[in-house]
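Q: Kindly produce the complete structure, drawing on both the sequences and the hints.
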Amino acid sequence: MKENMLPVGVKDYCQQEMEKKEYIQNTMKNLFRKNGYQLIETPTFEYFDMMQDKSTQLYNLINRQGEILALRSDMTKSIARVVSTIAKDIPYPQRYSYIANSFRYPKEYLGMLHEFTQAGIEMIGKDTISSDVEVISLAIKSFISIGITDFTVHLSSMELFDIMLDSVNITTKEKIYESINKKDIVSLKKQLKNTDYLETVRLLTEAIGDYKLLEEIKAKISDEREIVVLNRLEAIYNELKKEGLEKYILFDFSLLSYGKYYTGIYFQVFTSNIGNAICEGGRYNNLLAKFGNKKPAVGFGVNINDLMKKNILIPKEKKILTKYPNQEGLIHLYDNETFQELSNYGLFYNIDEIQFENKKYVLKEGKYVVCK
Amino acid sequence: MQITFALAKGRLAKKTLKLLEKIGITPVGINTDSRKLIFFSEDMKYRFFLSKPVDVPTYVDYGIADIGIVGKDTILEEDRDLYECLDLDFAKCKIVVAGYPDKKNFLDSGSIIKVATKYPNIAKNYFLKQKRAVEIVKLNGSVELGPLIGLADVIVDIVESGKTLKENGLVILEEIQDLSARVIVNKASIKVKYKQINKILSDLEELL
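Taken in order, these protein sequences are the chains called B and D. Quick note on this note's numbering: the first sequence kicks off at 14 and runs consecutively. Quick note on this note's numbering: the second sequence kicks off at 2 and runs consecutively.
Everything labelled a hint here was simulated from the structure, so no lab data went into it. Certain hints may be false.
In silico BS3-like cross-links for lysine-lysine, where the CA-CA straight-line distance does not exceed 30 Å [as the list claims (entries may be wrong)]: (1) B:Lys260 with D:Lys53; (2) B:Lys273 with D:Lys19; (3) D:Lys93 with B:Lys186; (4) B:Lys186 with D:Lys46; (5) D:Lys10 with B:Lys186; (6) B:Lys24 with D:Lys188; (7) B:Lys322 with B:Lys24; (8) B:Lys196 with B:Lys233; (9) D:Lys188 with B:Lys188; (10) B:Lys120 with D:Lys46; (11) B:Lys195 with D:Lys37; (12) D:Lys200 with B:Lys206; (13) D:Lys46 with B:Lys322; (14) B:Lys203 with D:Lys16; (15) D:Lys196 with B:Lys233; (16) D:Lys130 with B:Lys188; (17) B:Lys195 with D:Lys95.
Label-pair restraints from in silico Cβ distances [what the hints assert, rightly or not]: (18) B:Ser143 with D:Glu136: 58 to 66 Å; (19) D:Glu136 with B:Asn286: 41 to 49 Å; (20) B:Lys47 with D:Lys196: 32 to 40 Å; (21) D:Lys132 with B:Lys120: 47 to 55 Å; (22) D:Gln3 with B:Glu35: 53 to 61 Å; (23) B:Lys206 with D:Ile113: 37 to 45 Å.
Some chain D residues near chain B, calculated using beta-carbon distances under 10 Å [unchecked claim]: (24) Met2; (25) Gly30; (26) Leu83; (27) Phe107; (28) Arg183; (29) Lys188; (30) Ala189.
From the three backbone atoms N, C-alpha and C, an ideal C-beta is built for every residue, glycine too.
A: In structure tokens form, the structure reads like this:
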């Protein structure tokens with residue numbers, strides 16, 4: 014029966030799985046808010062033209078007026094639209110956070126979700142080292158806040174590559190970015206053979222490393238503009254070091270995201286047992302101009318569905334149970350008030366029964382609670 | 002961190018193991034003719050398994066294998082999300098459009114071309130790029146039969162020496178792509194295990 018089935022690409026979350034998802038989402042939501050990023054909600058569907066981009070296949074729909082709409086594929090564009098319309102004249106920088114589901118068709122047969130949840134932030138209106146640092150720092154803290162520490166932030170800059178390929182004609186540049194997007198390093202090397210920048214590009218595409226890598230690259234680069242970019246990355250690193258967060262940073266110039274809107278720093282976060290980036294972010298100074306409000310912006314999004322694969326310990330409120338020590342049979346005498354308190358920490362099956370810490374407690378004669 | 006290799010059973014695995022041995026990576030007890038599928042290096046730093054060539058990209062995509070060595074034809078056909086890092090320069094051949102010589106003009110005529118192939122994705126993408134309408138007939142072997150018995154106008158298939166084509170009166174009409182054995186890497190492994198993987202890649206590259 015079709016009624017019992019789910020379409021491809023979506024899933025239900027309930028019971029313990031939902032508890033885990035909610036914990037992750039709430040923890041991040043609170044962290045962002047504490048840091049001054051106010052929650053924002055935008056519509057689930059927008060005009061197709063507004064959402065369209067080269068690298069994503071959208072879920073389209075046609076409304077009854079015959080207009081082509083699309084389910085949003087990310088929140089960044091929607092927030093850019095809001096900041097360029099109803100929030101245009103609010104003082105900058107503006108800081109927004111969101112927990113929202115987005116939609117897109119991934120490549121077929123790959124078992125990926127079509128509907129996915131992201132938690133993220135955007136800071137709009139500032140183009141400074143301190144704003145880059147603020148955003149990267151918050152990305153790192155969002156993982157630490159749910160107890161994950163085995164991750165690395167792979168940091169690079171879209172500017173570096175752009176500058177290096179400045180003198181290359183558009184068609185060749187398109188092909189180069191296509192190879193990078195397809196992660197076809199073999200084609201990339203063939204395309205750059207006999208050019209001036211093969212060595213530097215090779216160095217970059219194979220370069221992942223810590224702080225020392227920056228020095229190595231600086232030594233091999235002569236273009237002033239490139240040195241400026243590297244210096245900015247160095248300054249960001251040093252600021253993060255002051256917060257003790259530098260140990261999570263790796264410089265990774267092999268990263269590039271073609272077809273997306275990043276113009277400055279770009280980072281992806283990887284963790285040991287998950288096959289794709291659990292977080293992606295960076296600076297995108299050209300996006301808001303498309304909405305008629307030329308402002309720099311920087312932000313990131315965390316992939317909640319992927320995070321669900323990690324082992325995450327949800328701290329449970331233990332205080333009620335420690336107040337009432339466990340005894341065989343009769344547990345304790347509860348009055349109505351205590352009963353209400355207990356119900357906040359457990360799941361109700363019906364008003365006579367409570368589940369807490371995998372045990373079921375039964376209200377007996379309205380007074381006693383017995384462990385089943 | 003242990004590095005897992007996915008090897009394509011057959012000639013590819015044999016040649017790959019020779020190369021890996023040269024850079025000091027040797028599985029214990031591996032014998033590509035036996036039925037055993039999983040092996041380890043003596044120091045347990047490396048794990049190897051043999052699989053059907055078409056499945057190597059799948060294992061690498063899911064991260065079951067960090068590194069895979071397989072032909073470019075398989076990589077193109079399976080079209081998985083992974084890094085292609087090195088051309089090992091062996092198992093060289095081409096994938097081409099082939100058929101009877103008189104079909105050369107038919108290809109440009111604008112009519113729908115019936116193509117028999119083991120590689121529907123490669124064929125489809127090739128003709129799509131040139132905005133040519135095609136009907137793809139997937140066959141699993143002896144694809145040369147297609148035009149011979151009238152099933153298809155042309156075929157898209159791999160050519161090494163060209164002997165099979167010649168013996169059947171077929172010629173190469175268009176060349177699609179050069180092929181060879183490539184090294185593919187899982188896109189998270191290349192970041193998380195970057196030191197070890199970069200060393201393996203640069204060691205292999207030195208041999209070329």
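Q: Are the hints correct? Go through all of them and say.
A: These are the hints, each one checked on the structure:
no. : hint                               : in the structure
1   : B:Lys260 with D:Lys53              : violated, 41 Å
2   : B:Lys273 with D:Lys19              : violated, 41 Å
3   : D:Lys93 with B:Lys186              : holds, 28 Å
4   : B:Lys186 with D:Lys46              : violated, 40 Å
5   : D:Lys10 with B:Lys186              : violated, 38 Å
6   : B:Lys24 with D:Lys188              : holds, 25 Å
7   : B:Lys322 with B:Lys24              : holds, 15 Å
8   : B:Lys196 with B:Lys233             : holds, 24 Å
9   : D:Lys188 with B:Lys188             : holds, 21 Å
10  : B:Lys120 with D:Lys46              : violated, 33 Å
11  : B:Lys195 with D:Lys37              : violated, 34 Å
12  : D:Lys200 with B:Lys206             : holds, 22 Å
13  : D:Lys46 with B:Lys322              : holds, 26 Å
14  : B:Lys203 with D:Lys16              : holds, 24 Å
15  : D:Lys196 with B:Lys233             : holds, 21 Å
16  : D:Lys130 with B:Lys188             : holds, 14 Å
17  : B:Lys195 with D:Lys95              : holds, 21 Å
18  : B:Ser143 with D:Glu136: 58 to 66 Å : holds, 59 Å
19  : D:Glu136 with B:Asn286: 41 to 49 Å : holds, 43 Å
20  : B:Lys47 with D:Lys196: 32 to 40 Å  : holds, 36 Å
21  : D:Lys132 with B:Lys120: 47 to 55 Å : violated, 22 Å
22  : D:Gln3 with B:Glu35: 53 to 61 Å    : violated, 35 Å
23  : B:Lys206 with D:Ile113: 37 to 45 Å : holds, 38 Å
24  : Met2                               : holds, 8 Å
25  : Gly30                              : violated, 28 Å
26  : Leu83                              : holds, 7 Å
27  : Phe107                             : violated, 30 Å
28  : Arg183                             : holds, 6 Å
29  : Lys188                             : holds, 7 Å
30  : Ala189                             : holds, 5 Å
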